[in-house]
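S.K.: Given next are the chains, with one letter for each unit.
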Amino acid sequence: MLRKIKRRYTIPIFIVLCIGMWGWVNITRTVPATQTLKEVVTLGEDIPLDTINKNRFESLDQYIEKPFVLKGVIELISLDESYNLVLVLKDGIRASCKFQKDQNKIMSMFHTGDTIQVKGIYKGALDYLVLQNCIRDNDK
Amino acid sequence: MNRQLCLLLLIPLLLGFSKKGDKYISRNGNVTFFSYASAENIKAANNQVLSLLEPKTDKIAISILMRAFEFEKSLMQEHFNDSYIESEQFPKATFEGTILNFDKDFSGTQTKIIKGDFTLRGITKPVKIKADITKTFNSYLISGETELNIKDYKIKVPQILANRIAQTVKISFNFKYKHYEK
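Chains as they are written, first to last, in this note's numbering: chain A, 1 to 140; chain B, 1001 to 1182.
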């Protein structure tokens, strides 16, 4: 009798548990750290800067949500919970980079006028490129 | 003769300076929104907002990249971009307005009404925003808040959530401007 009840309830309980776990994983999912992203697009190499039409960045729409690597001179630094830099790239193109919180210590050493290479997720453009989850990139 | 020469040399310099001071820009403006929901409040922040201010004409323009709003939970961010705002189709929200009775030379803080048009999801509606404008030595600070009705912008909320999400969203903003240099 007991064995019959067990058999009857085991599968539904297992299904409910699986759905619950899937839901929990989905709800608490976080964005992967940029350090773990390997396939990157390097501005200035994979995409030559002179092919990007300043203030009209439609050609980059295909790269939205993909990691970019770019190098520029720091024009503006602001900090709330994490650092946010405005960089001036070659050809006068600007990029706004919002850094991951784990970069706060590294970023505190930078000043306006310094050159930095960053890796971040491309979100789109205003009159500048917008990157988030940025990290200082030392790979190249 | 020398004095005249000096004046002649100074004129283009002064003209250049006044031209430089015509427009102010903020590339790291902050916009946050908050919506009360019975299950969980929805809040997000965007610190990469573009705004231009032209004190001479009292004009202000704001451009917001919707994908740049950061949420506590990435699932919320996905729903916001894919289901509610449809960021792929409508990547930006914009505001163009005029600051009413603005005294551009007043040093200190003045509270003014900004009247203009806000465009979200391709829908433009007139809005009035109360804002505090502070002039410092070489910059302006503008902060304020307003409320938007989600129905005005045809934001589709699933029926199951309709009663759990507030119909208005509180928007707060904060911009620090500096001289615009191309």
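Simulated from the structure, these hints should not be mistaken for laboratory data. Since we're looking at a predicted model, the values are computed, not measured. The C-beta atom is built at its ideal place from N, Cα and C for all residues, glycine as well. Misleading hints may appear alongside valid ones.
[Claimed, not checked] With the C-beta cut set under 7 angstroms, the calculated list includes, among others, these residues of chain B facing chain A:
#1 P1055
#2 K1059
#3 S1063
#4 L1065
#5 T1136
[To be verified] Facing chain B, from chain A, some residues (calculated, C-beta under 7 angstroms):
#6 S78
#7 L79
#8 Q100
S.K.: Please list, smallest to largest, the hint numbers that this structure does not respect.
M.R.: 1, 2, 5, 7 and 8
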